[in-house]
Amino acid sequence: MAKASPTLEFDTDWEYSSAPESTDHIQIKPQNELFINGDFVVPSDGNYFDTINPASEKTLSKVGHATADDVDKAVKAARKAVKGPWSKMDGAERGKYIFRIARLIQEKAREFAVIESMDGGKPIRESRDVDIPLVSAHFFYYAGWADKLEYAFPGKDTTPIGVAGQIIPWNFPLLMAAWKIAPALATGNAVVLKPAETTPLTALKLAEVLQEADLPPGVVNIITGAGKTGQAIVDHPDVDKIAFTGSTEVGKMIMRAVAGTGKRYTLELGGKAANIIFEDAPIDQAVEGIVNSIFFNQGHVCCAGSRLFVQESIADTIISKLKDRMETLIIGDPLDKNTDIGAINSKMQLDKIKMYVKLGQKEGGTIHQSSYSLPKKGFWYAPTLFTDVSQSHRVVQEEIFGPVLAIQTFRTVDEVITKANNIPYGLSGGVWTDKGSKIFKISKAVRAGVVWANTFNKFDPSSPFGGYKESGMGREGGLEGLMPYVNLV
Amino acid sequence: MGKREDIKKTYKLYIGGKFPRTESGRYIKWTDPKNSTYVNVCRGSRKDFRNSVVAARNAFTDWSSRTAYNRSQILYRIGEMLEGKRSQFMDELMLQGASKNAAENEINRAIDRLIYYAGWADKYQQLFSRVNPVAAPYFNFTYTEPTGVVAAIAPDDSSLVGLVSIMAPIIAGGNTVVLLASELKPLCSISFAEVLHTSDVPAGVVNILTGYRDELIEHFSTHMDVNSIVYCGNDPDDIKTIQENAALNVKRPVVYADEDWMDQKNQGPYHILNNLESKTTWHPIGL
Amino acid sequence: MITSVYIHPIDQIGAQERVARLFSRSIKKESKVHALKMALSMIDLTTLEGKDSSGKVKQLCYKASHLHDQYPDLPSVAAICVYPTMVPIAKKALEGTSINIASVATAFPSGMSSMENKLDEVKKVVDDGANEVDMVISRGKFLSGEYDYVADEISQIKDACEKAHLKVILETGELVTLDNVRLASDIALNAGADFIKTSTGKISPAATPPVVLVMLEAIRDHYKKTGKKIGMKPAGGISKAKQAIQYLVMVRETLGKDWLTPDLFRFGASSLANDVLMQIVKQSTGHYQSGNYFSID
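Protein chains in written order, with our numbering: chain A, 1 to 489; chain B, 490 to 776; chain C, 777 to 1073.
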């Protein structure tokens, strides 16, 4: 009789008790106004919309719906700030405001983390250990640039562009606000920022920090709303620059909208990164890297390693280890300190993920999901693997933006490079091998703006981030991140 | 003895290291400002452009992986070859309406610009690359890579120094390019292809078309295998068209509106940077 | 032998990050009490000092079976671990209990002796009543690439152990790299170890979390390949209950349910037991404890 292959049992009688992060110190206003010219103001048509907790579907707060009139007010306030002392201020003084913002965020880090997890659904482990620390680090990094811009671009002086309209997504709400605001301020610009419709609360909390930091009125305006509000920012004739992070589809709409207007823009768009595992890779670290590449933040990550390429000789080993590892991922309450996978950000996103998984199965793909039981209330999706898929499957070609990994195997280096680049995107990539020379070869060959070698999904304020091809243009972070906010003269 | 008749030159296209006539069979009758001479210039078509992009794409992998030193030497070689063909370019520039003095100045500037970018080809990387001090045990570095295949609408009023000023930074950065020559003054743009052809520039790295801007601008800006579009000019409709079409595949649109290409200020590493991407690589530091 | 050992590179930073993630688990309330009791039952209560006396060993044995008499439902430790000369004393002191007697052997801690001497020593401790033998590998031979020697030595000692369980100490502090730890683990697993163990406690660093993780992963891969469940024993430097719980999290999420038992997981420690006891009392009374209320033997 053939023996079944040995299996590991992760369902033990030693269960982790719930370990919820406390929320008693958190202040969420029942109703939020728009932050324009240093004050919280009622939206011009008096309309508000609800923001909910995706883990419970309960309303957290009401936020103002900014109209085109409100956008105009915000742009005027920003213009006034640009014409006023802000742009002419000594860089060192401007830098002090930014340093101050960084410090205040550190002081309120836990409150920010908890609100981020409540409003967006991401696990507190990530908002506490990744998002919020990176937010303050980002302000800290760019604060120091404010009085050193003459060293950034050899042979050139810099001037501010003026008013930057910034539109950010819901996957890293406060972190994306920091990525946009910090370099804009360091270079002397003023900002009109619109957070995503489903995750406005931490940006509004940031507005309170800006007040506390005594940032001059109008330098940063934060207005909430949906697509129409964003469009009004893009279309406003007195906005000098658009910075957008979001889907490639909307990015292209923005390119068309600003065509011929002389507005500058930077775009951080979609991705479908190849994560390539060679047979000489550090296997167990690679498996963990796969988990980080696709299940981090429920897979709501533009640079997620959503296409896994495993060298054929180790494919069975990797997939078996990955399945074991998936059994230990804890799915549930984002505020529980032990949660690995939180809630899907919205009903709309959940429907999209479900649609893709159904489609992938219809196209002949085989799925495997972790057996962890999902909560009843709220939006949830189990970590999912697709095998028996190829480059021609839509789940391999299109960005799903969820915890869904498409696995393919390969035999030769040429084959995997060709397949890795056979996609309109070029945001990121991963390569795993113990051989140094191979790392350089592959990381050069992958046409993408960020390549993680023997790691994945690492971020740092000093490290530029941004894509090739349809993944966008321009870089955020590092010295490169100053470029989109200055004129070189 | 009777008078000897001149041999007149046929101005053709330059695609993939060959000099074909336009596949369309059409031509543009070009007449010099004095109405003394005329030339039938190829009226490059959409398909000529398509063939050029194929050639540029095929050349990209090799050209972008050449050593910087090699690209530098090839740019220098172009300068050398142009120096050697001075008289031909003098004739053509003057035929296109330049004074003798202006023609000489333009040739000098074009040669110097090639030498200038030859010098940059192995240095801009050091200016635009860096090691980033990330707060974790990782070695993190950023360096530049070429954007890919560039489609470039060369300046209309400057057929030699303008063309060279656009082309040199693009190929110095490791890109390959399809250039649309000046419609107004096409002659020396095409003769410049002959310089390229004898300068060790691999086939397909530079492709030069002649034709109507109005006809080709749409194709230059909509092709899905073009990564970047450079436009020289100040026509607002052209600029809008190019920027709108760039959205199709998120091409990088670069506009040089009114640059005086004779001016030394309009050169520099930032012209190279316009067609570069930066790539950042992370690697753990451990045992 | 070496031909069967598969080279398995380990990325140090990745291993450290995995550890950090595992150690960020928050173990509270009932799950903490459960873990503390489990940890207690997995302790090899150890004394390995040159100045060990029969009196000290007797006291240790008494403590092992009377951990904290006010809490009668507490488990006893898994074993006591002593030098070879102390085995007969421990044997007598532990009569009538289910506590195992482990003895270090094979010229512990350096292992710098002849094969003959090592085999004699192992036979002696087993004859004297040890049912667990903690041997050291020949690190010198390992570092000079004589992997066959290392493997052969383990097999011979395994044979000499007869019914006694063999724990193979890799002394990872001298192997330096995680690549070496993995290779030494694979050699020991293939050569017949019943347990693999990190350290003698005489070399710093002793058990470090990345080392333990790599060894657990080696055990996991060995199990997947052969179906054989081999045990793990981190030893040295584990003195706090919190560390013990963190290691149990590591075991739970690397090897799962089957390894959460003293049969397959042990802590080699001397002062850990008291800290675990203090934590257990704190959990039941709600008050932070003082060392004055827990005997130090």
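In short, the hints are calculated from the structure, not lab data.
Warning: the hint list may mix true and false statements.
Claimed, not checked - Okay, derived cross-link-like pairs now, DSSO-like style, lysine-lysine, Cα gap no bigger than 30 angstroms in a straight line:
(1) C:Lys900 <-> C:Lys834
(2) C:Lys827 <-> C:Lys900
(3) B:Lys729 <-> B:Lys589
(4) C:Lys917 <-> A:Lys323
(5) A:Lys83 <-> B:Lys754
(6) A:Lys419 <-> A:Lys362
(7) A:Lys435 <-> B:Lys754
(8) A:Lys29 <-> A:Lys88
(9) A:Lys377 <-> C:Lys1018
(10) A:Lys458 <-> A:Lys252
(11) C:Lys834 <-> C:Lys805
(12) A:Lys323 <-> C:Lys978
(13) A:Lys62 <-> A:Lys362
(14) C:Lys1005 <-> C:Lys867
(15) C:Lys1004 <-> A:Lys376
(16) A:Lys441 <-> B:Lys612
(17) A:Lys228 <-> B:Lys612
(18) C:Lys917 <-> C:Lys900
(19) A:Lys376 <-> C:Lys1033
(20) B:Lys754 <-> A:Lys444
(21) A:Lys435 <-> C:Lys1001
(22) A:Lys252 <-> B:Lys574
(23) A:Lys29 <-> A:Lys96
(24) B:Lys523 <-> B:Lys612
Stated by the list, open to error - Derived Cβ-Cβ restraints for the label pairs, each shown as a range:
(25) A:Lys377 <-> C:Lys867: 47 to 53 angstroms
(26) A:Gly262 <-> B:Asp752: 40 to 46 angstroms
(27) A:Glu249 <-> B:His686: 58 to 64 angstroms
To be verified - The following residues of chain B were derived to be distant from chain C, with all beta-carbon distances above 10 angstroms:
(28) Thr556
(29) Met570
(30) Ile728
(31) Gln753
(32) Leu776
We treat Cβ as the ideally placed atom computed from N, Cα and C, and that holds for glycine.
Comparing the hints with the structure gives:
Only pairs whose Cα atoms come within 30 angstroms are accepted, and Lys900 of chain C paired with Lys834 of chain C is accepted, the gap being roughly 20 angstroms. Restraint check for Lys827 of chain C and Lys900 of chain C: the C-alpha separation of about 21 angstroms stays at or below 30 angstroms, so the hint holds. Our distance criterion of 30 angstroms between C-alpha atoms is broken by Lys729 of chain B and Lys589 of chain B, whose separation comes to about 37 angstroms. For the hint pairing Lys917 of chain C with Lys323 of chain A, the CA-to-CA distance comes to about 38 angstroms; that exceeds 30 angstroms, so the pair is violated.
At roughly 29 angstroms between alpha-carbon atoms, Lys83 of chain A and Lys754 of chain B fall within 30 angstroms of each other, so this suggested pair holds. Straight-line distance between C-alpha atoms of Lys419 of chain A and Lys362 of chain A comes to about 22 angstroms, which keeps the hinted pair within the 30 angstroms bound. Using a Cα cut-off of 30 angstroms, the hinted pair Lys435 of chain A and Lys754 of chain B is violated, with the two alpha carbons roughly 46 angstroms apart. Annotation: proposed proximity of Lys29 of chain A to Lys88 of chain A is violated, straight-line Cα distance about 35 angstroms (limit 30 angstroms).
Between Lys377 of chain A and Lys1018 of chain C, the direct Cα distance comes to roughly 34 angstroms. Violation of the 30 angstroms bound is thereby established for this hinted pair. Annotation: proposed proximity of Lys458 of chain A to Lys252 of chain A holds, straight-line Cα distance about 27 angstroms (limit 30 angstroms). This hinted pair does not check out: Lys834 of chain C and Lys805 of chain C have alpha carbons roughly 35 angstroms apart, beyond 30 angstroms. Annotation: proposed proximity of Lys323 of chain A to Lys978 of chain C is violated, straight-line Cα distance about 39 angstroms (limit 30 angstroms).
The suggested pairing of Lys62 of chain A with Lys362 of chain A is violated, with an alpha-carbon distance near 40 angstroms, which exceeds 30 angstroms. Annotation: proposed proximity of Lys1005 of chain C to Lys867 of chain C holds, straight-line Cα distance about 28 angstroms (limit 30 angstroms). Among the hinted pairs, Lys1004 of chain C with Lys376 of chain A is inconsistent with the structure: their alpha-carbon atoms are about 39 angstroms apart, more than 30 angstroms. For the hint pairing Lys441 of chain A with Lys612 of chain B, the CA-to-CA distance comes to about 22 angstroms; that is within 30 angstroms, so the pair holds.
Among the hinted pairs, Lys228 of chain A with Lys612 of chain B is inconsistent with the structure: their alpha-carbon atoms are about 46 angstroms apart, more than 30 angstroms. Taking the CA atoms of Lys917 of chain C and Lys900 of chain C, the gap is near 25 angstroms; set against the 30 angstroms cutoff, the hint holds. Between Lys376 of chain A and Lys1033 of chain C the alpha-carbon distance is near 27 angstroms, which keeps this suggested pair within the 30 angstroms criterion. At most 30 angstroms may separate the alpha-carbon atoms for a hinted pair to count; Lys754 of chain B and Lys444 of chain A exceed this at roughly 33 angstroms.
A hinted pair counts as satisfied when its Cα atoms are at most 30 angstroms apart, and Lys435 of chain A with Lys1001 of chain C qualifies at roughly 26 angstroms. Among the hinted pairs, Lys252 of chain A with Lys574 of chain B is inconsistent with the structure: their alpha-carbon atoms are about 46 angstroms apart, more than 30 angstroms. A threshold of 30 angstroms between alpha carbons decides the hint, and for Lys29 of chain A with Lys96 of chain A the separation of about 29 angstroms falls inside it, so the pair holds. Proposed proximity of Lys523 of chain B and Lys612 of chain B is contradicted: the alpha carbons are some 45 angstroms apart, above 30 angstroms.
The hinted range of 47 to 53 angstroms is not satisfied by Lys377 of chain A and Lys867 of chain C, whose Cβ atoms lie roughly 60 angstroms apart. The supplied range of 40 to 46 angstroms is broken by Gly262 of chain A and Asp752 of chain B, whose beta-carbon atoms lie about 22 angstroms from each other. For Glu249 of chain A paired with His686 of chain B, a C-beta distance near 43 angstroms fails the hint of 58 to 64 angstroms. The beta carbon of Thr556 of chain B is kept farther than 10 angstroms from every beta carbon of chain C, the shortest such distance being approximately 31 angstroms.
Even its closest Cβ contact with chain C, about 51 angstroms, leaves Met570 of chain B beyond 10 angstroms, as expected for a residue assigned away from the interface. Residue-level check passed: Ile728 of chain B sits 48 angstroms from the nearest beta carbon of chain C, beyond 10 angstroms. Listed as outside the interface, Gln753 of chain B is consistent with that label: its C-beta sits roughly 49 angstroms from the nearest C-beta of chain C, beyond the 10 angstroms cut-off. Interface exclusion of Leu776 of chain B from chain C breaks down, the closest Cβ pair being 5 angstroms apart, not more than 10 angstroms.
Hints 3, 4, 7, 8, 9, 11, 12, 13, 15, 17, 20, 22, 24, 25, 26, 27 and 32 from the earlier list are contradicted by this structure; the remaining hints agree with it.
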